[in-house]
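Take the given structure of chain A and dock chain B to it, following the hints.
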Amino acid sequence: MKTTRIAVAALIMTAGSGCSFEGPWLQTWWGDLAGEAETASFQAGDSSALAGLAFDRLVGDEVGTGVVLLGSWAPGSCDIHTDHMRELDALRTAAAGVALDADGAAWICERLDGLARESYGGEGDHRAVHAVVGPGEPEGARLVPAPAEIALDEDGALDPATLPGAGEYVARVLEWGAPQLPGAGDEPGGRCTAAVLGAWAEEGATAADGVRAGAFRVYHHRFLGEENVAQAGAEAAPVGFATEGWSGAATGGASTVATIFTDAPAIAGSTFPQMVAGTRGDAVDLAPCDAAAAYGDWAFPELEPAAEGAR
Amino acid sequence: MRTLFLALALCVASPSVAAAQGAGAPAPGEVSMELRRQLAAGWTYYESGNFRKAIEVLVAALATPEGDRNAELHYLLGSIWWDKRDAASAMRWWSMAEAKAKERYDWNPSGDYNARIQKRLVFVRTNFGTVKLRTAGARSLPPQADPMPKDPVLAEFVAAAAGLIAEATRTRDKTAWIALPKGNYWVGDERLTLAGGGMDMAQAPEWALVRGVGAAKKAFEMRAAGGAPGPSTAVAATTGADADRFDARLGHVALGGGGAVVPAQTGDGEVAGTVHVEAGVAIPLGVPGVALAVGASYADLPVSGCSSMQTRAGVVAGHVGPRLSKHLTGRLWLSGEVGFHVGGGFAERTADDRTNCALARLGSDAGEVRYGATVGPAGEAVSFAQLGWDGGSLALGPHGEIGVLGAPGQAPLYLGVSFFARYDQVFAVTGGGTAWYPTDSGVESAEVGALSGAASMSRLQFGVRGRVKF
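Chain order of the listed sequences is A and B. The first sequence begins at 1 in our numbering and counts up one residue at a time. The second sequence begins at 1 in our numbering and counts up one residue at a time.
Bound-form chain A, shown alone (with noise of 0.2 Å):
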């Protein structure tokens, strides 16, 4: 049985930026699980203000749900999180006649940086967990990740084994801008370039997959068995969902703690694996949001059947 010791006291202790702002937060810890699961620990990164949406969305034939934790330096929403979802989908509609060139690269991520700057001010800096839980309801009050991302099977269709069942649920994280590594000083590189741009067009990308390139950091899901949270003491935040009201969590009424694992893409500079993203044991209140399902499938394009593969 594996233990895996977070270092919870610290996130927690990890306080505010001194905004006003109250609450809740998303917050990040940066770890490695390759070692030690039992010595590994997480340290704390950046938090951000944190809005909860949930919609209904299909996950194979039937309606799951679909939930976002958005973090940006001030609360966001509904109307931001759908107004910058419906601009990146005109974005990418509009990359289907460029060249994925220098300058067509070039014009992908200026716009990107615009559209992150107008929808959440500042440097545009956000970073939302996706996730897609299964249809049915939870034996209890907790949801925990599946054991496999969703995933496609030989022939390209998807593979139903892969999706999670009642209780269970897949996440991803996405993020524009760089995240604040523990112990980093200046914020590292990563924002969408010409390079890692060209680096797709040298594979035979299109535009339009720039954009969706260029768009997020994608971090992926995690699975993490229940048993090792069980053993991660008393300041460690269980990883999941715990959840109040869940039953039509999409029409409202909804809160959840969350802690989710993810792996992390390779960012310049860093050397962490694993990043958490966690409600730092806070609930957080799940807003309705039916727009937001329109565009699920930057998250998870698996599970649109018009959206092309993701990475």
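Hints were generated in silico from the structure; no laboratory data involved. Some hints could be false.
[As the list claims (entries may be wrong)] Quick list of the computed label-pair ranges, beta carbon to beta carbon:
id	chain 1	residue 1	chain 2	residue 2	range
1	A	F21	B	G392	34 to 44 Å
2	A	F21	B	Y298	24 to 34 Å
3	A	G156	B	G433	40 to 50 Å
4	A	E22	B	V464	35 to 45 Å
5	A	T271	B	G392	33 to 43 Å
6	A	G23	B	V338	51 to 61 Å
7	A	A266	B	S445	53 to 63 Å
8	B	G392	A	G165	19 to 29 Å
9	B	V253	A	A266	55 to 65 Å
[Stated by the list, open to error] Computed footprint of chain A on chain B, listed as stretches where at least three residues anywhere in the stretch have a Cβ under 8 Å from a Cβ of chain A:
id	stretch
10	358–367
11	377–386
12	430–436
[What the hints assert, rightly or not] Some chain A residues near chain B, calculated using beta-carbon distances under 7 Å:
id	residue
13	E62
14	D79
15	R86
16	A102
17	D103
18	G121
19	A266
The model shown is predicted, which means the values in this text are computed figures rather than measured ones. Heads up, the beta-carbon is just placed ideally off N, CA and C, and yes, glycines get one too.
Structure of chain B alone, referenced to chain A:
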């Protein structure tokens, strides 16, 4: 020598003497030698400015039946009181002279003398009004003309009122009936109007004078210091003095509001609200009615912080420009200013701003830039956010206003209201760089400087402004 002078004066001034030496003079037998002597002495004293002796001689003559009937004697007494700047008394004597002349068909048969009396009476009735003044003791403040009559002689009648009032305070009823040039007068903190009409006492208004103490005295002295007429052109002197008083109020604060014209890249601009506050000083330039206005303002302007709607920016600017004023009437001035301002602004977007922006964009076509920077030759626009604008700006432009400024009552503060127009060219501070935009043939770019006209916003503002000058 003195005798010679008196004889010459008698020959020139006395109508009786003159009449006796010319055609149409009253028959010598109609005026006794004694009365002739008294009249001659009265004219002499009058012409030499010795009113007291003149009155003494004439009153003695008036005590006789012959003197009481003599029109010339009454006319001369009226003239003396006129020169003593007591129009009411002068008018009474002239009116009696008129009556006496009518009783004596053979007096001044040529009519010239009657015409002189008539002319003076008409003048007084036209230009003077009688007022009943209830004094307030020995310290009673006389009415202050506002403005002073432009005719310096009339102004002397205003000035002489103080002496007449002082005499009245020593009477039993403490009331003075005096005739003053028609016009506006300050009585205490009231600005009253005296119409013409001469000696119609039935129509005379009654004014209650105030004691010259405390604030009333201070206000009186302030007006007296600025409102004294000059010896020649009374109007110009009065206006100039008042304008100087206006310019002497160095400080001011103002609050304005109105609309700002906001053009849009999509052609459907709007008029958004704007407000501003301003504080400054007016530095006198030595020319009445002209000052150099220097100040600072804070203006809340609409700016294009969202590609689908206007957000707000605060602009702090320094102002400089000439301020002109022209006296209208009383304590009312036409006041205007033109100038130039330059300053900096910052547009901070709140969480509500972001939500409102999102809602506005959701209500528009996706990808549309209604408010932004025009960077392409065909009007291609990008949002200011795409240029990396974080809200900092440089704002500059001309401004102007025209309105009225006045002081209610004796208030030391001047209040004004005006129409203003202000133009701000708001340059977004972006750091400069390349702006990329799509075209039908691909992607094009344009270089945008750190302070570029392309990345700027024109904001023509107009509205109403209130001003307090102190």
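How the hints compare with the structure:
1. A:F21 x B:G392: 34 to 44 Å: At 23 Å between Cβs, range violated.
2. A:F21 x B:Y298: 24 to 34 Å: holds (27 Å)
3. A:G156 x B:G433: 40 to 50 Å: holds (41 Å)
4. A:E22 x B:V464: 35 to 45 Å: 42 Å Cβ-Cβ, so the 35 to 45 Å window holds.
5. A:T271 x B:G392: 33 to 43 Å: holds (36 Å)
6. A:G23 x B:V338: 51 to 61 Å: Holds, since A:G23 and B:V338 (Cβ atoms, about 53 Å apart) stay within the stated range.
7. A:A266 x B:S445: 53 to 63 Å: violated (30 Å)
8. B:G392 x A:G165: 19 to 29 Å: At 52 Å between Cβs, range violated.
9. B:V253 x A:A266: 55 to 65 Å: holds (60 Å)
10. 358–367: Per the Cβ count (6), the hint holds.
11. 377–386: holds (count 4)
12. 430–436: Holds, because 3 residues of the stretch 430–436 of chain B bring their Cβ atoms closer than 8 Å to Cβ atoms of chain A.
13. E62: Nearest chain B Cβ about 29 Å off; hint violated.
14. D79: holds (4 Å)
15. R86: holds (5 Å)
16. A102: Violated, because the Cβ-Cβ distance from A:A102 to chain B comes to roughly 10 Å (cut-off 7 Å).
17. D103: Constraint on A:D103 satisfied, holds at 4 Å.
18. G121: Hint holds; A:G121 Cβ to chain B Cβ min 5 Å, cut 7 Å.
19. A266: Since chain B brings no Cβ nearer than about 26 Å to A:A266, farther than 7 Å, the hint is violated.
Of the numbered hints stated above, those contradicted by the structure are hints 1, 7, 8, 13, 16, 19, listed in ascending order.
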